[in-house]
Each structure stands twice: as structure tokens, then as C-alpha cells.
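Between the sequences and the hints, there should be enough to build the whole structure, so can you do that?
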Amino acid sequence: MSYSVVWFKRDLRVHDHAPLIDAAQRGPLLCLYVVEPSLWSQPDCALQHYLFLRESLRDLYRQLRECGAELQIAVGELTGVLARLHAASPFERLLSHEETGNGHTFARDRAVADWCVRHGVTWQEWAQHGVVRRLPTRDVWHARWQAHMHAPCLPAPAPGSLQGRALPWPAQPWPDPQALGLAEHDPPRRQRGGRALALQVLQAFLQERSQRYRGGISSPLGAATACSRLSPYLALGCLGMREVVQATEQRMRQLEACEAPGASWQRQGLAAFVSRLHWHCHFIQKLESEPSMEYRNLHRGYDGLREDEWDDAHFEALVAGRTGWPMVDACVAMLRETGWLNFRMRAMLVSVAAYPLWLHWRPVGLWLARQFLDYEPGIHWSQLQMQAGTTGINTTRVYNPIKQARDHDPQGHFVRRWLPAMRRVPDAWLWQPWLMPADLQARCGVRVGEEIPVPPVDLENATRIAKARVHALRARPEVRAAKAGIVEKHGSRLQRDTGRRPQRSSSAATGSEARQQSLDF
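For the sequence shown, counting from 1, position 154 maps to 1527 in the working numbering; every step adds exactly one.
These are computed hints drawn from the structure, not numbers from a lab. A hint or two may mislead.
What the hints assert, rightly or not - Straight-line distance between alpha carbons at most 16 Å, and here's what the computed EDC-like set of lysine to aspartate or glutamate pairs gives:
| id | residue 1 | residue 2 |
| --- | --- | --- |
| 1 | 1862 | 1663 |
| 2 | 1776 | 1833 |
| 3 | 1862 | 1512 |
Laid out in C-alpha cells, this is it:
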């Protein structure tokens, strides 16, 4: 009797899982996850991603056991595992969700499609987010997103209902992380994986923490609790995007009928959160429609802007958290410890790298991909290019780290928490501690150039020169001429005033349209 193979990738749950439900309705099935050594050798993968995955798979194993099946773990390259399985126990159907991952998974999926054709296996995929494969035009994207998000969520299979099958070979041990080349440290205070924890985080946010969402997500002081903290669970599919949208809208309806103090404010915060979920898919759609943006400038007119002027010393100062700008270095220290940083501080890190440090976005992006537990390729590379100014359709967004510290950490609580040397720096020198007089350094017990780094460049001057170079390139007629095509392919069709109404793009991007491409937190 034939059976179906349900290939789990970044959809580690049984709730609202279309491939699993479809396979269950057809009869016996094998639930498969493949640990691919070549995937984990990619430069955007890190130890924390692997450990979070293992935690999430353990949770998925428990979920499937309740439904009557067991998760089968195989180690190897995908087509090799499928070939071995098919030779030992032929199957007719491979079922999975679509994935918009990095370039390696894109090539892997092409190889799987070719293998299925050659072996007479039907491979069927379902959309998981509001991302549309082979999208004909951005004009229809918003309506497609709305239709997907408001279709009914599929229930989990009933207990004991699945006819699970096992792999026809002995169970393989989990590969040692070091054997996969995953040598970077695991942030000791990162979030842990699995759907059970994801549901706890979701409920805590919807019921209580969302009260602080509006006004609380910009400052690194309060963002850790004001933000939803759902991003790593969405990245691995422990939660489905559709179930999060629908749970949030249900909570908003409850608050609409509630007369408790603060209910209206909380509901507005949740409305803003739903808007962010919409933008989540909007940015992933960019990578789906143009996979090369992971590797090259979205606007090719910016080729050569930074590529040939790489400065190892600048990059090493950034990675080590030794730029001398306290807000930057504190953010790097927090990333090292937690694997997470709020959006504004992420944007500031990329801005500092791209402008005063004049670093190309690709190596910086690979480093940050390994630092972010919630690394999502579509969002990540879209944001890297947007902040670096190479999309060609966004306004220049430069974050001054001194201003960000004054605005979002005025008493220095954040920088002093993550940078012990800053605890000995008087308030008057919080923003520019490298300028402290020598006698004051001696009295405070800090030494500029040792505990307190000296910035590698003059911030104001280096930023001014960088912006001038970007703006000069942007003003060229041939660069301006190529802008319209990028807006047509990737630009949002939403009015900023309503966030809802579709709008046909014009032949050239206006300032308002350009701003729509950024998450204006």
C-alpha cells in the first residue's frame, strides 16, 4: 500500500498544517524532517539556530505522537534521503509547505522538484504565509494576503487518527553541532524553541504585554517585554502566521467590547501589531520574487558603491562591540547574550555599518544573520538593503547612535547594563565617553582606548561623506530611471493613511510611496 511523505521544513507544528491534513485524509503517511549538513554549513547558519530547531522538533515529536504518528529524523542531503527511502519503500506523493529561505534552500528545492519528476513522485506544496509564488503583479498581493489570513485555520489531527509509518532503516543520532561546523556560542539567555512555549508567549502578549506595544517597542529598555517576541517561533513555523493574525483579531474584538481602562490603547497596539504581520509577509515576498537580492544590490545601479572599499578594522570593531559608540556596543553585547534586539536598534546597527563605517551590507548581513535567533531571510536581506540605501526606492535612513542613546536611553540604564565599564562613566559623558579628560578617567577608574574604545572614525564627518556619496549616485539619470521598475515589482500598494486600500503604482515612485517600503516603528 502506497503512502505519502510529509516533509517538515519551517512548519514545525500540527495545527493549521495543510500538507499533514491532506496526507492524513489519503491514508498512511511518514512524517519526515531531514537534517541537511550542507544547509548547516551555510554562512548564515549558527549554533543557536540549530539548538532552537532541536528544541522545536522535540515538541513536534510530542505533538505527532498524540496524533498517532512519530516524527522521523534523517540525516543527509534531501535528494539522497528521498532516493534511499523511495528505493526501500516506494511512495507516490511528497507533501510540504512552500519555503522562502536562503539561496541554498532555493537550489535544494529545485533539485527536489527535478528528483520528483524523474521518479514519478507528485510533489505538492501549500502556501504557509501570505507569500505568493509566481506572483504576477504586486497589484493583487494585498487581496491574496487578506484571503489567506482570513481563511479558516485547519484543526490539528484528532488524537490517534494518523496512520504513521517509520523509516525503513535504524534511527540515526543527531549530528554533533561541531561536526556541522557550528562553532559559534549559544546565547545563554536566548528564547527556547517549541510550540508549547510559543503559545505561552502568544497568550502573554495578547492578554497583557500588548498594553505596552505602542510606545514601548522603540527603546531597548522596554522593547524586550513590549514586543511580541514571536519572531523566532514564526521563523520556524512553531506558530502559523494565519493563527497569530486570527488570534490577535479575536483579542481586538474582545477589547472593543471591554470598558476596562486601557482597553482602547491595547486594541490600538494590537492593530499596529497586525500591520507588522502584514509587513512581515510583504518583505518576504520581495525575496520570493527576486531571490538574487540576498547576494546583490536590488538596484544594480548601486553596484560598486561599497564593494571595493571594505575595511577589516571597521568590521572587527563592530563585531567585537568596540566601536566606541556606547549604544552600538551595548546592542552587540545584548545580541551576544540573548540573540535578540528590537527593530530600531537593529536598524541602527546596519545604519552605522553602512554609513560612518562604510561597510558593504552582505558581510554585515551574514554576521547579523548568525546573531539573530529569529533570522528570516526575506525580512533580513530586504531590511539590510533598505538601511544600506541600495534598494533605490527608499529614502536614506541614517540612525545617529548618539541621538538614539539620548532619545531612548537618556539615563544610560541600557548601556550601563551591557557595558560594565560605562557604569564608572559620569552622566555628563555618557554619549561621548572617549572625550573624557585624562584626570577624570583616572578618578573614575576607566581608560580611554582600553575599557572605553575610541571610535574608528569621526561620526559626523564620516556620515556626511557617506550620505553625499549615496545621494550623488542616486541623482544620476540612469539610476533614477531604473527606480520605476523596482517600485512596480516590489513596491507596496497600500495607502499610508488607511493601511488597507490597494493602490496602483505610478511610473515613478513618489516620496510617499518610497516611505511605504520601510517599517516606520
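Hints and how they fare:
no.: 1; hint: 1862 with 1663; in the structure: 9 Å, holds
no.: 2; hint: 1776 with 1833; in the structure: 12 Å, holds
no.: 3; hint: 1862 with 1512; in the structure: 9 Å, holds
Hint compliance for this structure: no hint is broken.
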